[in-house]
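Asks: Next come the chains, spelled out residue by residue.
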Amino acid sequence: MKRIKRNNPILIFLVVFGLLVFLHSIGALRPVENVLLGIVKPISSRFYSLGNVFSHYNQDRENQTSLSNQVEALTSEVAVLTVANSAQKELVEENSKLRKQLKFLSDNNFKAVAAEVIARESISEGSDSGQDLVINKGARDGVNIGQGVVSEEGVIVGKVIEIKDTSAKICLTTSPECKLAAAIQNQARTQGITDGDLGLTIIMNFIPQLEKISAGDTVITSGLGGNIPRGLVIGKVIEVRNESNEVWQDATIEPLVNLNNITVLSVIIP
Amino acid sequence: MLKRFWQISIIIFILSALALLQFSLLSALPDPFRQFNLVLTVLIFTVFFLDLRLALISAMIAGFWLDVLSFHFFGFYLIIFFCILLLAEWILKNWLTNRSLYTLLALMIGLTFFYNILSFAMLYMFSTDFTTFFLFKSSFWLVLVYQCFWSSLSAIFLFNLAAVVTKRIKPFFLEKKRFM
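Sequence lines, in order, name chains A and B. Heads up: the first sequence runs through residues 1 to 270, numbered per my numbering. Heads up: the second sequence runs through residues 1 to 180, numbered per my numbering.
One or more of the hints may lead you astray.
[What the hints assert, rightly or not] In the DSS-like style, the derived pairs of lysine-lysine whose C-alpha atoms are separated by at most 25 Å in a straight line are:
1. A:K111 x A:K164
2. A:K179 x A:K212
3. A:K169 x B:K93
4. B:K137 x A:K179
5. A:K164 x A:K236
6. A:K212 x A:K236
I should point out that these hints are in silico values taken from the structure, not numbers from a laboratory.
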């Protein structure tokens with residue numbers, strides 16, 4: 001019979017793995033995890049900003065269809081280079097974003113927790129159908145599942161779907177299965193549920209045929225059934241699909257902010 | 001003893017940095033750049049050029065970090081990396097026994113495929129959304145193509161880099177003596 005060596009690396013790995021999973025499941029590993037997360041969060045945030053700068057730059061390059069776009073791209077390139085070379089300027093920008101957010105929050109009497117994005121996580125490992133954001137605030141900071149998340153402009157960009165002690169996962173409004181109770185600012189104040197569509201736009205389904213909706217109508221949160229207050233802007237209607245033989249009609253909504261460039265946001269505490 | 005301590009510290013630092021780069025920096029990049037699996041590439045490279053023991057230590061460190069940082073269930077990355085390395089070792093011992101660029105390319109692409117199958121399957125098993133099986137989703141195949149592209153590219157780069165640094169992968173020829 002073959003004897004298993006004591007210092008067999010596979011055996012050692014399995015023992016350590018079992019121990020880690022056991023300690024994690026009973027919560028004994030949590031203090032260690034929190035300390036480690038606390039240490040790496042600022043670094044993660046910087047890494048994410050760096051990646052985002054590149055992403056932003058790349059996105060701008062793809063959209064160079066006209067001269068004005070080229071000018072814009074060059075302007076942003078200059079901005080990107082300036083930001084990259086000067087940590088101070090980045091801090092100034094971040095500060096102004098936080099001020100904007102603070103102004104929005106104080107104007108609306110919202111209690112909120114400001115957070116930084118530290119990573120993006122795909123819904124299904126590497127999927128392009130939608131992405132979630134990971135922020136550096138969690139249960140310890142008062143963040144809870146179902147709470148709304150707004151951008152610096154005060155536009156709702158998603159909601160909290162998972163939490164850890166010191167971090168939380170947010171689904172973006174454009175991601176599939178990220179549902180929000182919404183209302184259209186038309187005469188009938190049409191209510192419905194919004195859902196993300198391929199990570200690009202938002203769809204509002206099950207709107208009765210008799211309701212009159214038109215492109216350009218603003219869609220806001222309805223405040224029903226959850227932790228998200230009423231009146232946060234989701235986006236604008238860009239297309240309405242209604243077939244005469246259907247019971248329902250649906251609307252395509254465009255978010256008002258670019259969800260790919262979010263680095264700072266606020267979680268609204270109800 | 002002190003040398004060993006420093007060696008382990010450096011390995012922990014490098015692998016932690018790689019895991020952090022994978023989690024925060026690469027995830028923020030647009031497609032196809034964000035599909036580059038840095039940690040997986042380094043692990044395959046380690047088992048190919050160095051040994052299984054070091055690769056398993058690396059997998060333990062990087063896997064632990066990714067499990068702590070990510071929102072997948074704890075042990076997700078640890079178990080995937082473990083399976084990948086075991087498969088790599090088995091392939092290297094039984095099938096791809098020489099150390100050529102083609103071997104590394106085949107290993108990288110094969111293991112990238114296996115990594116994706118395994119990770120998607122595990123996520124599918126623990127998911128509540130059973131609407132479409134992952135093999136029938138276009139996103140799965142698109143990710144696979146991107147990852148295979150990056151794996152091939154990194155294999156070529158790393159192999160040539162290693163060829164400069166070490167003599168281990170240089171071919172040798174037996175010289176035939178000519179008898180008069």
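Asks: For each hint, tell me whether it holds in the structure or not.
Replies: Hint check:
| no. | hint | result |
| --- | --- | --- |
| 1 | A:K111 x A:K164 | holds, 20 Å |
| 2 | A:K179 x A:K212 | holds, 22 Å |
| 3 | A:K169 x B:K93 | violated, 42 Å |
| 4 | B:K137 x A:K179 | holds, 22 Å |
| 5 | A:K164 x A:K236 | violated, 33 Å |
| 6 | A:K212 x A:K236 | holds, 15 Å |
When the structure is compared with the earlier hints, violations turn up for hints 3 and 5 and for no others.
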